[in-house]
Amino acid sequence: MNRHLISAADLSKRDALLVLDTAEELARVADRPIKKLPTLRGRTVVNLFFEDSTRTRISFEAAAKRLSADVINFAVKGSSVAKGESLKDTALTLEAMGADAVVVRHSASGAPHRLAGWVRGSVINAGDGWHEHPTQALLDAFTIRGRFGRGSGEALDGLRVTIVGDVLHSRVARSNVWLLHLLGAEVALVAPPTLLPIAIDDWPCSVSYDLDAALPKSDVVMMLRIQQERMNAAYFPSVREYSRRYGLDTARLRQLPDEAIVMHPGPMNRGVEIAAEVADSPRSTIVEQVANGVSVRMAVLYLLLGGLEAAQ
Amino acid sequence: MTDTSWVIKGARPLGAGPADITITDGTITAIGDGAGQRGAQAIDAAGLIALPGLVDLHTHLREPGREDAETIETGTLAAALGGFTAVHAMANTDPVADTAGVTEQIWRLGRAAGHCDVQPVGAVTVGLGGSRLAEFGAMAESAARVRVFSDDGSCVADAVLMRRALEYVKAFDGVIAQHAQEPRLTEGAQMNEGAASGRLGLAGWPAVAEEAIIARDCLLAAHVGSALHICHVSTAGSVEIIRWAKSKGWRVTAEATPHHLLLTDDLVASYDPVYKVNPPLRTAADVAALREGLADGTIDCVATDHAPHPVEAKETEWAVAAFGMTGLETALCVVQEAMVDTGLLSWAEVADRMSARPAAIGRLSGQGEPLAPGSPANLVLYDPAASSAVDPAGHASRSRNSPFAGRTLPGQVVATFLRGRATVLDGKPA
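Residue numbers (the working numbering), protein chains in the order written: chain A, 1425 to 1736; chain B, 2 to 431.
In short, the hints are calculated from the structure, not lab data.
Keep in mind that this is a model prediction, so the values were computed, not measured.
Hints are not guaranteed to be accurate.
[Said to hold, decoys possible] List of simulated lysine-lysine pairs, DSS-like, C-alpha gap at most 30 angstroms:
| id | chain 1 | residue 1 | chain 2 | residue 2 |
| --- | --- | --- | --- | --- |
| 1 | A | 1512 | A | 1501 |
| 2 | B | 315 | A | 1501 |
| 3 | A | 1460 | A | 1489 |
| 4 | A | 1501 | A | 1489 |
| 5 | A | 1512 | B | 315 |
[What the hints assert, rightly or not] So, partial list: chain A residues that the calculated Cβ filter (under 7 angstroms) puts toward chain B:
| id | residue |
| --- | --- |
| 6 | 1533 |
| 7 | 1553 |
| 8 | 1622 |
| 9 | 1681 |
[Said to hold, decoys possible] Each pair of labels, with its calculated beta carbon distance range:
| id | chain 1 | residue 1 | chain 2 | residue 2 | range |
| --- | --- | --- | --- | --- | --- |
| 10 | B | 297 | A | 1572 | 19 to 29 angstroms |
| 11 | B | 189 | A | 1625 | 23 to 33 angstroms |
| 12 | A | 1499 | B | 312 | 25 to 35 angstroms |
Even glycine gets a Cβ: it sits at the ideal position worked out from N, Cα and C.
With the hints as extra help, turn the sequences into a complete structure.
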């Protein structure tokens, strides 16, 4: 493993499988009455959140605490410019506190790259702008692997994953494209043309505009959230039209193969990109994704901070 | 003996065979055998190329207002070290150079610094606000004799305002230098829109936002019969449009920056804002088209768009970092690498693109003249065989945001003369 986890595109297949396999081991801790391992005792993990994201922050916090790390939550509302302190000064502050790992969420793509140049500890990207959210992709891969009955050491070869929605602004989509492809899945993107980057011919996936055509060929459908701010910016004529063309409702659910699953990184807009009945159906893995998030983040912290030596 | 009389021995004028260049009281008096002149200082220039003093159409000197980034003193010294004898100071200072008073002040500070001539550019609109024309006539008639007007940094997006500006400056042979950027297409834009922006998740600055404005303004310039200059052309499509406009005989000129002739948008993958610039670094295909356009004359000249910024404006996350790169001290070296060493331009053509043409577009007198008896002795001696790694810490510019830092570039400016006075000798301030 590298010292940092900034981009799913930086992972080797071996690294990615190591994270998933480690997560599988660590998931068993959650079944114990005392959900705690001593592995990272005395290590400090800082959750540095420049954007509100309670779900991601508590997931990392739970992961670090289950490994007995000390956790410092450092929430900074707004951009570094708005608060008058630069990202660099924040980094130097964390450095002085002796952070062994900095989990960073930032609205600016590339902020974790910059941070990694200023701190000695490991930087874990918890979502940067439209760029990447690698632990989300890892937990999605973990969820898919589990649902399709594949175990330790196994990848996702042959599985067809369709990612639907606002790819242009989605860090989840980017991380998943690189990671799921790396693990052998066939990735398809479906979106209105306005919500796709202008030049993605070199991405390792197929691209189409037609959800109905894609569904019968999908083992996994991953619905992306439509952000409120896109709704009035001419990316599509109206929320209703978006929902009609790209929303996953019960009729569309029936077009999926029998074993297919439905994923969503959350938080959902019920009735927009996903119908409530679909979100709550047995095919939905949405709650499972949350639980898996903790295991995968434990694995990432463990591997970056504890290292393999500690495991043996 | 005067300090403006020299015999430069064995230099290669415009890259041709060795000759002695005799300078008497600030004027070139002979090119040939100059051994006998009395009272002149001699310089051994064997192996060095002599070019007319370079002229930059596009420099941000930052004074008044941002003296933490650059001053007229430091910026013009950087210019001299880069081989320039004249620079056009862009209007986006604080206060904006939109009055006769501010432009005269900049002009006078330039004269006082003395490292090179400073020709102020006037703003097109008051405060660069894009709504009301600045007083062109007053600036034109001031001591600064302003002829180039630009809102550089912002586009004159309003078509009617642009038309009026183009028309109005005809009265005193002015030119409007447009920063071509359609504002709605580039809201929040961070880098070239293409494969790299898609991967990096940064908001795209599409080529069409530049090209659409250039096309519109070429048509407007033709319609009113005025002179249009396009700043920092960055895309292959822009080169095509300008080539077409020129084929019609329209009065359109254009510049390209050294960084757009050498660097591409894949450098942004580091998220290091030293590569953040407006217009953004484009693709290899755009770089090739710019080089071709500069070689065939579609693009008239090289202009640096030297844009100094203090450290804290660049030591940030990409999205909040300032746009801009320094360039005065590396321009000629970059042109050597991109254009001369590739066989696209001869040294005589470099002199045309970096001295004669920009001086003509800027309506400068006494600059950009040929290396010939009777011309003011504005010249640069350049060693094309040298090569060194760029170290911004050693630059005279007050700022350090060079995208070429750490990169080995060919060539070295050895000496610069401004009307016979050495501003640079042995590669150092004279």
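For each hint, the structure was consulted:
no.: 1; hint: A:1512 to A:1501; result: holds, 16 angstroms
no.: 2; hint: B:315 to A:1501; result: holds, 22 angstroms
no.: 3; hint: A:1460 to A:1489; result: holds, 7 angstroms
no.: 4; hint: A:1501 to A:1489; result: holds, 24 angstroms
no.: 5; hint: A:1512 to B:315; result: holds, 11 angstroms
no.: 6; hint: 1533; result: holds, 4 angstroms
no.: 7; hint: 1553; result: holds, 5 angstroms
no.: 8; hint: 1622; result: holds, 6 angstroms
no.: 9; hint: 1681; result: violated, 30 angstroms
no.: 10; hint: B:297 to A:1572: 19 to 29 angstroms; result: violated, 59 angstroms
no.: 11; hint: B:189 to A:1625: 23 to 33 angstroms; result: holds, 24 angstroms
no.: 12; hint: A:1499 to B:312: 25 to 35 angstroms; result: holds, 27 angstroms
The structure fails hints 9 and 10 (numbered hints given earlier, in ascending order).
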